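Asks: Here's the letter readout for the chains.
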Amino acid sequence: MSEEGRTKKFMFVNRKAPYGTVYALESLEVVLITAAFDQDVSLAFLDDGVYQLRKGQQTKGIETKNFSPTYRALEGYDIEKLYVEKEAIEARGLSEEDLLVEVTVLDRQALGKLMDEQDVLLSF
Amino acid sequence: MSEEGRTKKFMFVNRKAPYGTVYALESLEVVLITAAFDQDVSLAFLDDGVYQLRKGQQTKGIETKNFSPTYRALEGYDIEKLYVEKEAIEARGLSEEDLLVEVTVLDRQALGKLMDEQDVLLSF
Amino acid sequence: MKFGILVNEGPYQHQASDSAYLFCKAALAAGHQVFRVFFYHDGVHNASRLTEPPQDDRNIVTRWSALAESHGVDLVVCVAAALRRGIKEENLAPGFRISGLGQLVEAGIQADRLVTFGD
Amino acid sequence: MKFGILVNEGPYQHQASDSAYLFCKAALAAGHQVFRVFFYHDGVHNASRLTEPPQDDRNIVTRWSALAESHGVDLVVCVAAALRRGIKEENLAPGFRISGLGQLVEAGIQADRLVTFGD
Amino acid sequence: MLHIVNKSPFTHSALDTCVQVGQQGGDLLLIEDAVYAAVAGTAVERLVRHALQRFRVFALSPDLEARGVAGQLIEGITLVDYTGFVELVTHNKTCQSWL
Amino acid sequence: MLHIVNKSPFTHSALDTCVQVGQQGGDLLLIEDAVYAAVAGTAVERLVRHALQRFRVFALSPDLEARGVAGQLIEGITLVDYTGFVELVTHNKTCQSWL
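Chains as they are written, first to last, in the numbering used here: chain Y, -13 to 110; chain H, -13 to 110; chain S, 64 to 182; chain R, 64 to 182; chain A, 9 to 107; chain F, 9 to 107.
Treat the hints loosely; a few may be bogus.
[What the hints assert, rightly or not] Subject to a maximum C-alpha distance of 25 Å in a straight line, what follows is the list of computed SDA-like cross-link-like pairs (lysine to any residue):
(1) H:K(-5) to A:G79
(2) H:K(-6) to A:G84
(3) Y:K51 to S:L130
(4) Y:K(-5) to F:G33
(5) Y:K(-5) to R:A174
(6) H:K46 to F:T91
(7) Y:K99 to F:K101
(8) Y:K51 to S:K88
(9) S:K151 to R:A174
(10) H:K51 to H:A22
(11) Y:K72 to Y:E88
(12) H:K51 to R:Q118
(13) A:K101 to S:G165
(14) H:K99 to A:G79
(15) S:K65 to H:D102
(16) H:K(-6) to A:K101
(17) S:K65 to H:K51
(18) Y:K51 to A:G79
[What the hints assert, rightly or not] Derived list of chain R stretches under chain S, where covered just means 3 residues or more per stretch with a C-beta under 8 Å from a C-beta of chain S:
(19) 69 to 81
(20) 141 to 149
(21) 160 to 171
[Said to hold, decoys possible] Over 10 Å on every C-beta distance to chain A, these chain F residues come out as not near it, computed from the model:
(22) T19
(23) S21
(24) Q28
(25) G33
(26) A48
(27) G49
(28) E53
(29) R54
(30) R57
(31) I82
(32) T86
(33) L87
(34) V88
(35) D89
(36) T98
(37) K101
In case anyone wonders, no lab produced these hints; they're calculated from the structure.
Here the structure is a predicted model, which is why all the values come from computation and not from measurement.
Even glycine gets a Cβ: it sits at the ideal position worked out from N, Cα and C.
Based on the sequences and whatever the hints tell you, model everything.
Replies: Printed below as a string of structure tokens:
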């Protein structure tokens, strides 16, 4: 499905918590489609975005679909570049063991450098 | 138009800047209706809400209606209790002369005390 | 006790509408009366009968309609906010009615408590 | 230069849709091409032909339609987001079309720049 | 009076304003993205401890569970479900949503 | 790279994160409610001065005028209209909206 055979570097910048707003869920839907277009996809989790990857989400009490298992499924779509902001997890008392998937932890400046190297940034 | 002759103390708590979102404008519409119901109406401006009262708004460049003159018209509806958060105007480098209308400036604790005395709080 | 509820955001984008619904359900289950739910700002989108969420997701609009049906909750959509955003009789879901802001003020006067859900 | 635009919020509630429109107008006036505007999340509400803003306010929906008419801008509404929120062919304004998220990805690939407006 | 906060304390100032404006002896309920404030060991714990000196502080458990953070609350915060939310509203004469 | 911020710096952390993540030499454009950051003499002026050491900083004049704050900018900030906004986007290879 690649468009004219072109491959671009797409980065999804996720900065919002899940469930309070729909952005995290609808962002994931774009991630999956972008991978289907054979693009070079990476995801960055900054600020409250790191909460999207929190283990143990149980949404029965708010009668809303728990979409966090989808992050585990990303590997099956060859989406393996997941970056997490070091300052964000530290401020929230989280460690890598609290997260659903394996990630690369980078500080803010290293994340900024990666962002600078992208062709397309998508942020919701 | 009073409902069963009952009068309640309604306070509108405005904490958002104008134009970035519609809340300030649509809040004003409720204020006017509430006055028409002969209720005891007061308005509190906290946080970015104080920007609603900023003099000199010129909205031609964003092709949006300038609704700030409405604040001047409130007096004509006998809405005269306008309270502004002292800490908010100070943090924003504003003084009472920068505001469109005459207001009572109160610190946060005094505003909280007033809020405690209301029957209905409306916040958008 | 008699509750009035104000919903300021549309369905799915913000949790406000979900929180308001679950609050109403709990209030009714505890024997209270939910006198009126008033939909203002983007909250008017809760009244669209055209929404079709995915099969595995909750249907926010029909949930509200069911609440009106089962408990006689008065679901009022602000006419000015609705016109601005494209909600009219022709796409209004069952159980909702379109009326003026006076209905919100009246809810504030008549209800023992008015609770706001928004963003 | 070839621009793609992403709009994530509905009309009137947030300024995002206004900012996106004024950006498109300026880009077109400067001789650039606005290849596509993609409406996602609550942005899909920009496509409702039922909106009726007050006489003294801007009409956000018809402004978009006019841009499609005069400059051939491709206005695409995300089908999944639209179904969830009650935007369908029956209430779609002129100049808009409903399609899949692939249209957003394609815009990212084909455009020289993709600019996002949201909340 | 019941204060309801629904915004993340890491990205919005709503909780901060609420704590500074609210009067001693009020109730504070954390819902939606604000429940992250109830978690122990974060950068906003000091603000919440300050809140605990002024108010009774509650957090909505369905929102904590949805976000996977129900297990590590700051001491002194009380969990409530929606029924408890309703009781808090009836217990207080008025409520303010710090949107 | 162009950083676009549209949130009030008094109530949201978006500008703060942007300044800390963005690389030296980038461009920063303040639009919508973020234009309040461009005003001199406020509690966030220090953050904006820090931004000025890292980026060229611009503010969208129609948004400043709408809010009545066009007259008192921090030195070093450049005013642009929508045409200037478009030029900033073309000048930078990519842009990130810090929503």
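Asks: So, for every hint listed, does it hold in this structure?
Replies: Each hint tested on the structure:
1. H:K(-5) to A:G79: violated, 41 Å
2. H:K(-6) to A:G84: violated, 35 Å
3. Y:K51 to S:L130: Holds, because 21 Å separates the two Cα atoms, which is no more than 25 Å.
4. Y:K(-5) to F:G33: holds, 21 Å
5. Y:K(-5) to R:A174: Roughly 13 Å between the alpha carbons, so the hint for K(-5) (chain Y) and A174 (chain R) holds.
6. H:K46 to F:T91: Holds, at about 16 Å.
7. Y:K99 to F:K101: Roughly 14 Å separates the two Cα atoms, so the pair holds.
8. Y:K51 to S:K88: holds, 19 Å
9. S:K151 to R:A174: Roughly 37 Å between the alpha carbons, so the hint for K151 (chain S) and A174 (chain R) is violated.
10. H:K51 to H:A22: Since the Cα atoms of K51 (chain H) and A22 (chain H) sit roughly 23 Å apart, the hinted pair holds (cutoff 25 Å).
11. Y:K72 to Y:E88: holds, 14 Å
12. H:K51 to R:Q118: Measuring from Cα to Cα gives roughly 11 Å; hence the hint holds.
13. A:K101 to S:G165: holds, 23 Å
14. H:K99 to A:G79: violated, 35 Å
15. S:K65 to H:D102: holds, 20 Å
16. H:K(-6) to A:K101: holds, 13 Å
17. S:K65 to H:K51: With Cα atoms ~38 Å apart, K65 (chain S) and K51 (chain H) exceed 25 Å; violated.
18. Y:K51 to A:G79: Status holds; Cα separation ~21 Å.
19. 69 to 81: holds (count 4)
20. 141 to 149: holds (count 5)
21. 160 to 171: Check failed, 0 qualifying residues.
22. T19: It is violated; T19 (chain F) is separated from chain A by about 5 Å at its closest Cβ, not greater than 10 Å.
23. S21: violated, 5 Å
24. Q28: holds, 14 Å
25. G33: holds, 26 Å
26. A48: Correct as stated: the minimum Cβ-Cβ distance to chain A is 21 Å, above 10 Å.
27. G49: holds, 20 Å
28. E53: holds, 17 Å
29. R54: holds, 17 Å
30. R57: Non-interface label on R57 (chain F) holds, nearest chain A Cβ at 21 Å vs cutoff 10 Å.
31. I82: holds, 21 Å
32. T86: For T86 (chain F), whose nearest Cβ neighbour in chain A is about 28 Å away, the distance exceeds 10 Å, so it holds.
33. L87: The assertion about L87 (chain F) holds, with a minimum of 27 Å to chain A.
34. V88: V88 (chain F) is indeed farther than 10 Å from all Cβ atoms of chain A, at 27 Å.
35. D89: holds, 30 Å
36. T98: holds, 31 Å
37. K101: holds, 28 Å
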